[in-house]
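*Asks:* Each chain, letter by letter, is given below.
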Amino acid sequence: MTPSPPPRGRGKGEAAVRVVLLLAACLAALIGCSKGSDTKGPLTIVLKHAKILGPVDPIPALLAEFESAHPGIRVKAEVLPWTSDEQRQFLVINLEGGQPGFDLMMLDCIWVPEFARAGWILDLTAGVTQDELAAHFPSAAQAGTYRGRTWALPWFMNVGLLYYRSDLLGRYGFKPPETYVAMLEQIRVIRAGEKSRKLEGYLWQGKQYEGLVVNVLEGLWADGTTLVGEDGRIFPDPERAEQVLRFMRMLIDTGASPGWVTAGDEEVTRRAFGNGEAIFLRSWPYAVDMFEKPGSPVRGKVGLAPLPSHEAGRRAPGSTGGAHLAITRHTRHPAEALELARFLTSAPAQRAMTASGATKPTRMALYHDAELVRASPNLPRIHDLTLAGRSRPVTPYYVMISTTLQPELSAALVKVKTPARSVADARRRLDFFLRDLQE
Amino acid sequence: MSRGGPAATVIRSQRRASVQGLLLVTPALFALGALTLYPTLWVGWLSLQRRIPIFGVERFEGLGNFFFLATDPRFWKAAQVTLVFTAASVALELVGGVLVALALRGQRAGARVGLSFLLLAWALPSVVTAKLFEWLYNPAAGLVNFLLGGIALNWLGDPRLALPGLILADVWRTLPFVTVLCYARLLAIPVELYEAAQMDGAGAVATFTRITLPLLRRILLIAVLFRTLDALRSFDLMFVLTGGGPAGTTETLTVYAYRSLFQAVQLGLGSAVGVVVFALVMLVAWGYLRALRHEGLAA
Amino acid sequence: MGRAGLPRSLRDWAVLLALLAYATPFFWQLLTSLKPEAELMVLPPLFPSRLTWEHYRVVLGQSVMLRALVNSLGVGVITTVLALGLGIFGAYGIARYPIPGKALLLLLIVGGTAFPQIATVSPLYLLMRALSLRDTWLALILANTSFALPLVIWLLTGFLQEIPVGLEEAASVDGASRPRAFRWIVLPLLAPGLASASLLTFLFSWNEFLFAYTFTATEASRTVPVALALFPGVFEVPWGDIAAASILASIPPVALVVGLQRYLVRGLLSGALRE
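Just so you know, the protein sequences line up as chains H, W and Z, in that order.
Under the working numbering, the first residue of the first sequence is numbered 738, with each subsequent residue one higher.
Under the working numbering, the first residue of the second sequence is numbered 30, with each subsequent residue one higher.
Under the working numbering, the first residue of the third sequence is numbered 4, with each subsequent residue one higher.
Looking at chain H on its own, in the form it has when it is part of the complex (with noise of 0.2 Å):
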């Protein structure tokens, strides 16, 4: 084990290297951790939003606005990051830390009550008068509230709806389904007569995401039962919603739905509807502009409909969801904030974004606006099943209790678990978890 023959001047030279390098790094660090400085001059107050998709982004053209019409306030916006997942992580992360660095931030409906109960926003109930929240939707001003109090305002607004192939049902003399039997005997009937083996019948959500929780959300309501009960357990009736995972796995299984749904998204299901691949679709409003796009291959042959119930004459609502803007706790300009919020979602801004194409807005009014029914026809059908929608369940625990429930509903419809099973385990871990945590 001879040692390799010492390195000329190793010590000396190695040490005075690694001097340079250790402060050379820590430059780098400090330049890396400051965070930005407040600019004296003008207020500036900083906007965190997901990027609006569609054709055009209609944020730096708002802001500009509000701008012009409030000298002495400047506007910066920052993009928060793709997935919802990851803003929720990096809002989290920020809020609890305490110093967040921005003012007025966007935020997904269901985390509305949650960040209202960890303290980390503002609590709007004095600036917001009833009137201005009547003009919303009841659901989405419902989503913005907790224990009777409003702590954001509604910004945009999304519903589960029915989308199904209006001339194969056409062809065949059928009206959009009422009940999910009806729909089996339709897609049926139609794959028979169409003879195209590429033909899906029923598409949904039903990766292990919060899509999923919404898809079985929405099977539980077009079974008269529901999530949450009135005593907060969850699953009040687990033989009824056994069944209808049961009945989501059947879906699969006698081929109604093609095996991928088990990892389809909104995305993977838009496409291949969109390709004009299957007769129904289960997804939110922003597919039709897509579907209603020059060169698409299933342009004019779209209709939307209530989802379908599991009882013929009983109703079944789709899911409402969408986004609410708001305030830090600890801003440190909250009238200036507050301002900015009303201004986003008021009606000539939400008119704004609605004509982008990209988001619907919340404010009831607008569905009925001639100028955006004529560039988007199904806006006031649209509006009705909004109207007849339903919201997740609103409370702090929303998000423990979906990625709670993901896995488990996840395993009953890949089959490694029974669907009796994974209730069970789903209630005996939402159980340990809430066990006595106030609303």
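Calculated directly from the structure, the hints in this document are not laboratory data.
Quantities reported herein were computed from a predicted structural model and do not represent experimental measurements.
Hints may be right or wrong, so weigh each one.
Each pair of labels, with its calculated beta carbon distance range [claimed, not checked]:
#  : chain 1 : residue 1 : chain 2 : residue 2 : range
1  : H       : Gly835    : Z       : Glu172    : 54 to 62 Å
2  : Z       : Ala24     : W       : Leu244    : 26 to 34 Å
3  : H       : Arg886    : W       : Trp105    : 39 to 47 Å
4  : Z       : Gly64     : H       : Leu780    : 28 to 36 Å
5  : W       : Leu242    : H       : Thr1155   : 24 to 32 Å
6  : Z       : Leu107    : W       : Leu250    : 21 to 29 Å
7  : H       : Gly1032   : Z       : Gly262    : 18 to 26 Å
8  : H       : Pro1034   : W       : Trp105    : 20 to 28 Å
9  : Z       : Leu107    : H       : Thr1155   : 36 to 44 Å
10 : H       : Tyr909    : W       : Ala169    : 29 to 37 Å
11 : Z       : Gly169    : W       : Val220    : 28 to 36 Å
Note that the Cβ used here is the ideal one computed from N, Cα and C, for glycine as well.
For chain H, the structure is supplied; the task is to place chains W and Z on it using the hints.
*Replies:* Just chains W and Z now, kept in the frame of chain H:
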């Protein structure tokens, strides 16, 4: 001059040396205490609590979390996945590693280059390996399905295929470690031993089992120790490759702990799972070291 | 440990090619990173009609990956310096001085290398939160040091024990003080050991994922593995861009490991033989 005679002088200088030694060691010990020991004790304390940071919930609960885990099917499933993953991974790495080392040993030239290809796999960040294999396993455009004749297997989406796929990725990544250890050891075996065996008419298999294997034994036991501990603690690969899915079929204890900690934000429960992993790792380490000592191999 | 040079026999070539094939996953990713977008999802053909840099342009054009490379480099270098600085004194103390309870101490330190990160991540998370170190380099440096330091001390103690004490004793007879003996006699002989320890520490720091994923929130401190794991995909997964990012993320560790093979092997062996 010093009092007490020569013996006292020696004792004094010994003591001074001890103190000097302690002074040298103190900064490192302080850092270790603060960063390694203190958190280890703290996690034990956390595991006895009900702790949800974002809602400010902080309450002592005793063994409540552990009682929950004892009857938690997801915990036991994760334990099973962890053990299967560890056993399969280590076994395959061992066999593969020895075979490759033997092949390298026989190289008259080009072993350096060959070793470089192996070390490349080992050097990659595990996240990179995860992305590599995610792409290889792609049902439509992945190389694996292509090499299997164009069959569209959904590796990472099929509950039966995900774990084998994960194990394969891990073996690819860590086999070089075993190879390097064995190869270095093999090089130290004198060629004369093999020549003597050849003259005695021993075949390849006999040479292997009678000469090579016993000499490799010690390094193999050490390799198994290291690899077992690493596999038990493994997190990056499964988290990025499959996220523990589909439906928990690749969810090891580490992934379960992480999800409990930062998704469900149940710091108490997650810490309890972490404590279990810690105990498991320490138990295995202790067991191995005992075994090594019994065989009189420990230094 | 020679055996360099080109193989001459058929068997040698066969083994070499087999090992080349072992690295196929990496080379496939390299090829993917150079494949035009349109040809990515079609297989066969295996090889693209032309090579393109578009994916690298995309990856380097977004500041995220570049920033991540800087972060990883900075965190890696500082962690290595810190761990080595603390470790070398600690190792020297343990190797050369009669510290009470030395055997137990060494055992605990070696045991420290086996600690699972998942167990220490929750208390470290609370610690970083309390110290407001979220999303900073310092958080990662401290977290990485927590598992790098035991390893460094263990390795260096082993290397030091290989260097005969007689050399220092001879030096002290010649009138050299302890520090001088250390600086001029021990350090040069320890250099390969230091190189091995530095290499392993930097490598582990670069590849570290769990702590980095948990303690970072924005690209201000995100390291390369985290940036890669969170690679944005708008609608579909951008496999080509991810491949390019993977290759970029691999260059430093691969270059170090292949180039400094000797030190790496020595480090791994030394750690293994000194259990």
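*Asks:* Determine for every hint whether it applies to the structure shown.
*Replies:* Consistency of the hints with the structure:
Roughly 57 Å separates the CB atoms of Gly835 (chain H) and Glu172 (chain Z), a value that falls within the hinted 54 to 62 Å. Here the CB-CB span from Ala24 (chain Z) to Leu244 (chain W) is close to 29 Å, well matched to the stated 26 to 34 Å. Between Arg886 (chain H) and Trp105 (chain W) the C-beta distance comes to about 43 Å, which sits within the given range of 39 to 47 Å. Our hint of 28 to 36 Å for Gly64 (chain Z) and Leu780 (chain H) holds, since their Cβ atoms are close to 33 Å apart.
The hinted window of 24 to 32 Å between Leu242 (chain W) and Thr1155 (chain H) is violated, with their beta carbons roughly 48 Å apart. For Leu107 (chain Z) and Leu250 (chain W), the Cβ-Cβ distance of about 23 Å falls inside the hinted range of 21 to 29 Å, so the restraint holds. A beta carbon spacing of about 52 Å between Gly1032 (chain H) and Gly262 (chain Z) contradicts the range 18 to 26 Å that was offered as a hint. At roughly 49 Å, the beta carbons of Pro1034 (chain H) and Trp105 (chain W) sit outside the given window of 20 to 28 Å.
Roughly 52 Å separates the CB atoms of Leu107 (chain Z) and Thr1155 (chain H), a value that falls outside the hinted 36 to 44 Å. Between Tyr909 (chain H) and Ala169 (chain W) the beta carbons are some 33 Å apart, a value that agrees with the proposed interval 29 to 37 Å. Look at Gly169 (chain Z) against Val220 (chain W): about 33 Å separates their beta carbons, and that is inside 28 to 36 Å.
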